[in-house]
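Novice: These are the residues of each chain, in order.
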Amino acid sequence: MAVESLPRQDRAQLPAVPKVRAGLVATVLVVALVAGLALATAVGSSFVPLGQVWSIVVGHLVGTKPVPGTPDLIVWQLRVPRALLAAVVGAGLGLVGTAVQALVRNPLADPYLLGISSGASLGAVAVIVFGATAGGVLGLGLSAAAFLGALGSFALVWALARRGGGFSPLRLVLAGVGIGQFLAGATSYLVLQTADEQQTRGVLFWLMGSLSGAKWSVLALPAIVVVLGFLLLQARARGLNALLMGDETAAGLGIDVGRLRRELFVVTSVLTGVLVAVSGAIGFVGLMVPHVCRLVVGGDHRRLLPISALTGAVLLVVVDIAARVALSDQELPIGVVTALIGAPTLLYLLDRRLERA
Amino acid sequence: MRIAIEDLVVALAGRTVVSGVDVIAEPGEIVGVVGPNGSGKSTMLRTVYRHLKPTSGRVLLDGRDLRAMSATEAARHVAALPQERGSDFELSVLEVVAMGRTPYKRAFAGDDDRDRRIIAEAMAQVGVTELAGRSFSALSGGERQRVLLARAFAQEPDVLVLDEPTNHLDLRHQIDLLGLLRQHRRTTLIALHDLNAAASLCDRLHVLRDGQVVDSGKPRDVLTVDLLAEVFGVRAAVVEHPLTGDPLIAFDHQGVREAGRAR
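Chains as they are written, first to last, in our numbering: chain A, 1 to 357; chain B, 358 to 620.
Extracted from the complex, chain A is given alone in its bound form (with noise of 0.2 Å):
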């Protein structure tokens, strides 16, 4: 019986879901990172050639001592070690925003809209403030701390979105934004508290977003804790399929929501929290790199999931290299460039939203 229910031609006039086979994507996108990391660790304040920065890196891989001076320091204390820090955090970011997108229903939201990282960052500023101890063992006080805030303030915006039944998503972006300012202010009250002006400038500055704190030490928690969500995300990819649809259809599918819900917000807390303590409030990446790798490969998490944190990982690469080289004679908070290119894609993405309501 199935009657064809639109003309033929209408059919085709229908737009269809782009779809690339994520395999393709993912291997460009390793080559991509490749090449990104090998740029990123030879072009700053001096550029040391490619085929230097490979015999540099070679040589403490296998073992063989390297020529020590300069370059030697230069690549493999501070370059290496910022530009692996860039593909971690760029992939957490990646991966916080495509769950916290399904978490929320909501393809505008990021855990920075959303106000998450501004309590990571309140979390964080309270412990460098307060905390003598600040960091201990592998920052992992800072980054319990930003944890904390993390968790804290995005039950308090989700609590605020979902008053009185209703769930809307303007609702929750404006919750997140007002929480987020709210939060951002204490944040730099905390900060001016502090007397030591040197201090208060660093803090700043990480504040604003910037891998500049990146070193060997700091990498080994934000590297552990993005593999674990990413499996722990991928393990309930067909659960944030299910939750894009709805609560109710979730249910139907044999989901346990109110758990996943749960899970969720844990997990996207505890990567926030821990990518905040290590480089600041980054915006709008969790935004932007979902978005068009849904574009890409479309919106299944199974596929969404890898192809994001690859994404990001690229696009943090790339541009922390624009923050080092952009200004001649000092580098950019990172999240001041994300924010330029970020801001406007937000609000082509609110117009095209407004435009098909």
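It is worth saying that the hints were derived from the structure and are not from the lab. Virtual Cβ for every residue (Gly too), placed ideally from N, Cα, C. Check before you lean on any hint, since a few could be wrong.
Chain A residues, not near chain B, derived (Cβ > 12 Å throughout) [as the list claims (entries may be wrong)]:
(1) Trp54
(2) Gly63
(3) Asn106
(4) Ser328
With a straight-line Cα cutoff of 16 Å, these simulated EDC-like cross-link-like pairs (lysine to aspartate or glutamate) come out [claimed, not checked]:
(5) Lys575/B / Glu386/B
(6) Lys575/B / Asp560/B
(7) Lys410/B / Asp247/A
(8) Lys575/B / Glu383/B
(9) Lys215/A / Asp72/A
(10) Lys462/B / Asp472/B
(11) Lys462/B / Asp256/A
(12) Lys462/B / Glu513/B
(13) Lys410/B / Asp256/A
Chain A stretches covered by chain B per the calculated footprint, using a threshold of three residues with CB under 8 Å from any CB of chain B [stated by the list, open to error]:
(14) 235–249
(15) 287–298
Since chain A is already given, all that's left is putting chain B on it; use the hints.
Specialist: Same frame as chain A, now just chain B:
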């Protein structure tokens, strides 16, 4: 599979929305749930697809309590078409239908050949095969509902639960969708607004008012002039459909006030 709702009570935010409902659908039977807005139809159905937890009472699948099963096991038996309008995200029709395999898959497991065959079959059954690569959010209401029905079919359920699936559809798509249910018949619980559609489609009807079943039986026996006046507050004549022989309710669109008075 037989589904039995026994003495179901659901309280939401302190208000009892469903109070002591018994509904049975025998294997292969299409059972309709009708009643005015706020009578508890949706709430009752939500307990069947486990979105809501009964305050008391049980939902039994062949005698087994649905709540005693894991969420995924229940979802392998019961598939739902809730009233949700879907998603702003760019999902393809194929991706939406493939979601039906969710309760069968472990973490990290991809779709295998069997899944792909079931998904393709489900899309063919409702006639959306050529839409596979299209964006779900760009479809018309009628197309969307068919895709969601395909997703439910891909779940290989013994029981289908549909909450007013024809809402907001134009007439032809309403008839089209209900035709698909008739054609691919399985045990079905369906809430419907359109009483004529319910009379034509359903083997049995349960009439809900204020969270209670006020009448049950074959559409012909249930949909009487008195019941329509009492439960729905409308005046109507019930005649035989000249083409199909189903009960046909002819509403008196000028007589609402009188019927209300009669009540």
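Novice: So which of those numbered hints doesn't the model satisfy?
Specialist: Of the numbered hints, just 3 does not hold.
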